[in-house]
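**Q** With the hints as constraints, model all of the structure from the sequences given.
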Amino acid sequence: MVIEVENLVKRYGEITAVNDISFDVNAGEVFGMLGPNGAGKTTTVEIIEGLRDADAGRVSVLGLDVSKVPAKIKQRIGVQLQAPTLIPLLNVQETLHMFAGFYERSLSVDEVLDLLALQDSRKVLVKNLSGGQQQRLSVALSLINDPDIAFLDEPTTGLDPQARHGLWSVIEEMRKKGKTVFLTTHYMEEAEQLCDRVAVIDYGKIIAMGSPEQLIYENFEESAIQFEMEPPPSIEVLQALPGAANVALDSNEIIVYSKNVPATLAAIMRYSEEGGEDRQLKNLFVRRATLEDVFLKLTGRRIRE
Amino acid sequence: MKALRRLLVADFRQFVRDRTALFFTIAFPVLFMVIFGLVFAGEADVSYKIGVVNNDPSGRGQTIVAVLDSMDFFETTDGELDVMLEDLEDGDVRAVVVIPEELGSATAQEPVDITVYYDPSQSTSSQIILSILRETMNQIDRQITQQLPVLQLNEESVQSKDLRSIDYLVPGIVAMSIMILGLFGSLTLVEWREKKILKRFAATPVNKPTMVSSQVIYRLVLALVQTAIILVIAYFAFDIEVTGSWLLLIGLVLLGTLSFISLGYLAVSRAKTTEGAMPIIQILQFPMLFLSGIFFPVEFFPSFMKPIVDAIPVTYLGDGLRQVMVDATPLHSMTTNFAVLGGWLVVCLILAIRFFKWE
Chain A
1 MVIEVENLVK RYGEITAVND ISFDVNAGEV FGMLGPNGAG KTTTVEIIEG
51 LRDADAGRVS VLGLDVSKVP AKIKQRIGVQ LQAPTLIPLL NVQETLHMFA
101 GFYERSLSVD EVLDLLALQD SRKVLVKNLS GGQQQRLSVA LSLINDPDIA
151 FLDEPTTGLD PQARHGLWSV IEEMRKKGKT VFLTTHYMEE AEQLCDRVAV
201 IDYGKIIAMG SPEQLIYENF EESAIQFEME PPPSIEVLQA LPGAANVALD
251 SNEIIVYSKN VPATLAAIMR YSEEGGEDRQ LKNLFVRRAT LEDVFLKLTG
301 RRIRE
Chain B
1 MKALRRLLVA DFRQFVRDRT ALFFTIAFPV LFMVIFGLVF AGEADVSYKI
51 GVVNNDPSGR GQTIVAVLDS MDFFETTDGE LDVMLEDLED GDVRAVVVIP
101 EELGSATAQE PVDITVYYDP SQSTSSQIIL SILRETMNQI DRQITQQLPV
151 LQLNEESVQS KDLRSIDYLV PGIVAMSIMI LGLFGSLTLV EWREKKILKR
201 FAATPVNKPT MVSSQVIYRL VLALVQTAII LVIAYFAFDI EVTGSWLLLI
251 GLVLLGTLSF ISLGYLAVSR AKTTEGAMPI IQILQFPMLF LSGIFFPVEF
301 FPSFMKPIVD AIPVTYLGDG LRQVMVDATP LHSMTTNFAV LGGWLVVCLI
351 LAIRFFKWE
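So the protein sequences, as listed, match chains A and B. Residue 305, in my numbering, is where the first sequence stops; the numbers in between run on with no holes. Residue 359, in my numbering, is where the second sequence stops; the numbers in between run on with no holes.
These aren't lab readings, by the way, just hints derived from the structure by calculation. Keep in mind that the hints are not guaranteed to be accurate.
Below, in silico cross-link-like pairs of lysine-lysine (DSBU-like), each with a Cα-Cα straight-line distance of 30 Å or less [claimed, not checked]:
(1) B:Lys-357 - B:Lys-208
(2) A:Lys-68 - B:Lys-196
(3) A:Lys-127 - B:Lys-196
(4) B:Lys-195 - A:Lys-72
(5) A:Lys-177 - B:Lys-2
(6) B:Lys-49 - B:Lys-196
(7) B:Lys-272 - A:Lys-127
(8) B:Lys-199 - A:Lys-205
(9) B:Lys-306 - A:Lys-68
(10) A:Lys-123 - B:Lys-2
(11) B:Lys-195 - A:Lys-68
(12) B:Lys-196 - B:Lys-208
(13) B:Lys-357 - A:Lys-297
(14) A:Lys-72 - B:Lys-208
(15) B:Lys-199 - B:Lys-306
(16) A:Lys-127 - B:Lys-195
(17) A:Lys-123 - B:Lys-357
(18) B:Lys-199 - A:Lys-123
(19) B:Lys-199 - A:Lys-127
(20) B:Lys-199 - A:Lys-72
(21) B:Lys-195 - A:Lys-177
(22) B:Lys-195 - A:Lys-123
(23) B:Lys-196 - A:Lys-72
(24) A:Lys-123 - B:Lys-196
(25) A:Lys-127 - B:Lys-357
(26) B:Lys-49 - A:Lys-72
(27) B:Lys-196 - A:Lys-205
(28) B:Lys-208 - A:Lys-127
(29) A:Lys-72 - A:Lys-177
(30) B:Lys-2 - A:Lys-72
(31) A:Lys-68 - B:Lys-49
(32) B:Lys-196 - B:Lys-306
(33) A:Lys-297 - A:Lys-282
(34) A:Lys-123 - A:Lys-205
(35) B:Lys-306 - B:Lys-2
(36) B:Lys-208 - B:Lys-195
(37) B:Lys-2 - A:Lys-127
(38) A:Lys-177 - B:Lys-357
**A** Shown next as structure tokens:
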């Protein structure tokens with residue numbers, strides 16, 4: 001175990017941002033912390049990184065107590081903060097070089113530039129970088145000390161799809177090297193794609209933990225039938241559909257989790273035809289359940305507002 | 001050490017890329033000096049008419065009149081007080097010096113006042129005249145109380161005439177530049193805090209003393225470079241040579257910079273944003289600029305301002321620099337100057353460490 005968190009609590013005034021959570025992260029795994037904005041992800045990560053003090057609980061990283069020897073731990077972890085926070089008047093290469101000087105051990109600047117595909121912008125001042133480039137530099141900085149654990153806080157927010165997939169391959173690369181990656185994200189498909197295990201967090205509490213497959217399997221034997229209807233049918237109508245196990249209704253977007261897809265689908269079609277103009281079906285598709293559905297089932301809300 | 005070195009390199013890289021910083025640290029003081037230098041250079045050719053009313057029958061009064069007479073800067077006329085004052089009102093003379101009757105019997109224990117009437121509406125010339133009169137009187141006074149021969153007094157008076165306005169001004173510009181450099185330097189940490197750059201650094205093994213040291217060392221180097229540039233230009237443009245000890249000069253520059261940096265850090269310790277910190281620094285800077293005696297001798301200020309003048313650190317930095325650079329008459333001893341600057345440094349440093357918010 002490279003990270004052990006026991007009964008962690010953090011309060012800000014009246015608000016309990018992190019409410020008695022415990023979990024472990026194994027060496028070499030990509031661990032995801034998943035939850036909506038304000039769920040307590042960043043607070044938890046920043047306590048583990050030694051950037052904030054906990055109100056209660058114990059955190060150890062690489063076998064060392066965070067509250068006792070933060071400097072020692074910081075040598076061996078890499079940190080990417082949520083918003084890129086860099087010095088505007090330094091260029092990419094200079095920024096990496098400066099950070100490399102903070103550590104006893106570091107990778108060469110070139111190596112990291114290659115890894116994050118930043119070679120072309122190595123001489124560009126930080127203030128002139130695009131949002132995506134800044135984000136990649138920010139990730140590059142978290143890898144400059146060849147860390148045992150990399151903490152990436154929403155690393156793909158604001159990236160275009162291509163850059164996002166580029167970053168995913170960086171994380172895969174880390175996994176191959178046997179490094180541990182601690183990822184927070186509110187992108188469910190990202191967590192499903194990358195993470196060996198995820199902890200789903202909401203209102204400062206872990207509400208589910210396990211591999212993405214396991215979480216989906218435990219919560220859903222069903223497939224999801226998703227469609228729009230204007231006006232939406234009532235919950236009662238939906239729940240009465242044959243095969244329907246569970247129903248989620250979000251404005252006029254409807255998800256029916258069904259154990260018997262053909263029967264449910266046929267019933268939905270019939271219902272729509274009976275209503276004629278008033279019950280027009282739109283954007284109907286069938287898919288397997290995802291982490292997003294798990295979150296919806298556990299909290300009654302979608303992860304993104 | 002490696003971390004400190006890399007931070008310093010980064011500081012200087014930013015400096016040369018930051019046009020505002022370049023302007024205020026290098027161009028601004030130089031422009032300031034050159035403009036004022038040209039203004040005063042024009043006036044230096046002019047001699048001012050002053051009236052002298054000598055009520056002292058002893059030789060001392062006559063000595064003063066003789067000294068003032070001998071100066072190219074002044075054209076003296078003597079006469080009765082009321083006539084002279086009328087001339088002053090009419091603008092025929094720029095100032096009237098009244099030597100009291102008791103001058104002959106004055107001792108160090110029982111000093112007497114020499115009164116100067118001047119026209120405050122003619123502020124520039126009045127200030128110049130007053131500063132030169134003050135210098136001259138100080139020189140004469142020193143000679144009289146030390147009871148040295150009158151012959152030497154004349155020699156001395158020639159030297160005191162040499163203290164031109166620009167001589168008074170250049171050390172003031174050095175002090176001003178150091179103050180601006182130190183005070184505004186504190187904004188970097190505020191900006192880093194606001195932009196969460198400090199937080200990013202906190203996630204690395206770099207500690208706060210290293211971060212602050214890099215900032216402080218960087219400003220000390222800048223202060224020395226800045227002073228050197230001002231001195232070089234002052235030497236070539238205005239023929240000003242440093243008369244005193246270079247070691248003392250460097251010591252004053254470094255200590256002054258440190259004091260103002262810590263004062264700056266204290267002032268912005270709770271400011272949340274750079275926008276919020278900027279006015280705090282400016283509010284601090286303006287009175288210090290004008291009440292410090294950097295540009296005008298402190299005698300010009302109304303007496304209720306004297307305590308402020310005596311409290312602010314620029315006064316002592318300016319005075320120290322003036323003594324070292326142009327051998328001006330001391331307002332305070334060098335020890336006092338160093339002690340007051342050091343005192344400000346220690347107090348501000350302790351308070352800044354106590355109050356500075358890192359996040």
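**Q** For each hint, tell me whether it holds in the structure or not.
**A** To see whether the hints hold, each was checked on the structure:
A hinted pair counts as satisfied when its Cα atoms are at most 30 Å apart, and Lys-357 of chain B with Lys-208 of chain B qualifies at roughly 12 Å. Annotation: proposed proximity of Lys-68 of chain A to Lys-196 of chain B holds, straight-line Cα distance about 24 Å (limit 30 Å). A C-alpha spacing of about 15 Å is found between Lys-127 of chain A and Lys-196 of chain B, which places the hinted pair at or below 30 Å, so the restraint holds. For a cut-off of 30 Å, the pair hint linking Lys-195 of chain B to Lys-72 of chain A stands: about 26 Å separates their Cα positions.
Proposed proximity of Lys-177 of chain A and Lys-2 of chain B is supported: the alpha carbons are some 28 Å apart, at most 30 Å. Note on Lys-49 of chain B and Lys-196 of chain B: the hinted pairing is violated, with a Cα-Cα distance of about 62 Å set against a maximum of 30 Å. Using a Cα cut-off of 30 Å, the hinted pair Lys-272 of chain B and Lys-127 of chain A holds, with the two alpha carbons roughly 22 Å apart. Taking the CA atoms of Lys-199 of chain B and Lys-205 of chain A, the gap is about 25 Å. The hint holds against a cut of 30 Å.
Distance hint between Lys-306 of chain B and Lys-68 of chain A is unfulfilled; the C-alpha atoms sit about 52 Å from each other, more than 30 Å. With a CA separation close to 22 Å, the supplied pair Lys-123 of chain A and Lys-2 of chain B stays within the 30 Å bound. Of the pairs offered as hints, the one joining Lys-195 of chain B and Lys-68 of chain A holds, with about 27 Å between alpha carbons and a cut-off of 30 Å not exceeded. Restraint check for Lys-196 of chain B and Lys-208 of chain B: the C-alpha separation of about 14 Å stays at or below 30 Å, so the hint holds.
Distance restraint check for Lys-357 of chain B and Lys-297 of chain A: the Cα-Cα separation of roughly 43 Å exceeds the 30 Å cut-off, and the hinted pair is therefore not satisfied. Proximity of Lys-72 of chain A to Lys-208 of chain B is assessed by CA-CA distance (about 15 Å); at most 30 Å being required, the pair is judged to hold. The straight-line distance between the Cα atoms of Lys-199 of chain B and Lys-306 of chain B is roughly 44 Å, outside the 30 Å bound, and the hint therefore fails. At most 30 Å may separate the alpha-carbon atoms for a hinted pair to count; Lys-127 of chain A and Lys-195 of chain B meet this at roughly 13 Å.
Restraint check: the Cα-Cα separation between Lys-123 of chain A and Lys-357 of chain B comes to about 34 Å, which exceeds 30 Å; the hinted pair is violated. At most 30 Å may separate the alpha-carbon atoms for a hinted pair to count; Lys-199 of chain B and Lys-123 of chain A meet this at roughly 25 Å. Taken as a hint, the Lys-199 of chain B and Lys-127 of chain A pair is honoured in the structure, with Cα atoms around 18 Å apart against an allowance of 30 Å. At roughly 17 Å between alpha-carbon atoms, Lys-199 of chain B and Lys-72 of chain A fall within 30 Å of each other, so this suggested pair holds.
Between Lys-195 of chain B and Lys-177 of chain A the alpha-carbon distance is near 33 Å, which puts this suggested pair outside the 30 Å criterion. The hinted pair formed by Lys-195 of chain B and Lys-123 of chain A meets the criterion: a straight-line CA distance of about 22 Å does not exceed 30 Å. For the given pair, Lys-196 of chain B sits about 22 Å from Lys-72 of chain A by alpha-carbon distance, which is consistent with the 30 Å threshold. Only pairs whose Cα atoms come within 30 Å are accepted, and Lys-123 of chain A paired with Lys-196 of chain B is accepted, the gap being roughly 23 Å.
About 26 Å separates the Cα atoms of Lys-127 of chain A and Lys-357 of chain B, which keeps this hinted pair within 30 Å; it holds. At most 30 Å may separate the alpha-carbon atoms for a hinted pair to count; Lys-49 of chain B and Lys-72 of chain A exceed this at roughly 76 Å. The straight-line distance between the Cα atoms of Lys-196 of chain B and Lys-205 of chain A is roughly 27 Å, inside the 30 Å bound, and the hint therefore holds. For the given pair, Lys-208 of chain B sits about 25 Å from Lys-127 of chain A by alpha-carbon distance, which is consistent with the 30 Å threshold.
Distance restraint check for Lys-72 of chain A and Lys-177 of chain A: the Cα-Cα separation of roughly 22 Å lies within the 30 Å cut-off, and the hinted pair is therefore satisfied. Straight-line distance between C-alpha atoms of Lys-2 of chain B and Lys-72 of chain A comes to about 17 Å, which keeps the hinted pair within the 30 Å bound. Taken as a hint, the Lys-68 of chain A and Lys-49 of chain B pair is broken in the structure, with Cα atoms around 77 Å apart against an allowance of 30 Å. For the hint linking Lys-196 of chain B to Lys-306 of chain B, the alpha-carbon distance of about 42 Å lies beyond 30 Å, and the restraint is violated.
A C-alpha spacing of about 23 Å is found between Lys-297 of chain A and Lys-282 of chain A, which places the hinted pair at or below 30 Å, so the restraint holds. Taking the CA atoms of Lys-123 of chain A and Lys-205 of chain A, the gap is near 44 Å; set against the 30 Å cutoff, the hint is violated. A C-alpha spacing of about 48 Å is found between Lys-306 of chain B and Lys-2 of chain B, which places the hinted pair above 30 Å, so the restraint is violated. With a C-alpha separation of about 16 Å, the suggested pair Lys-208 of chain B and Lys-195 of chain B falls inside the 30 Å cut-off, and the hint holds.
Restraint check: the Cα-Cα separation between Lys-2 of chain B and Lys-127 of chain A comes to about 25 Å, which is no more than 30 Å; the hinted pair holds. A hinted pair counts as satisfied when its Cα atoms are at most 30 Å apart, and Lys-177 of chain A with Lys-357 of chain B does not qualify at roughly 40 Å.
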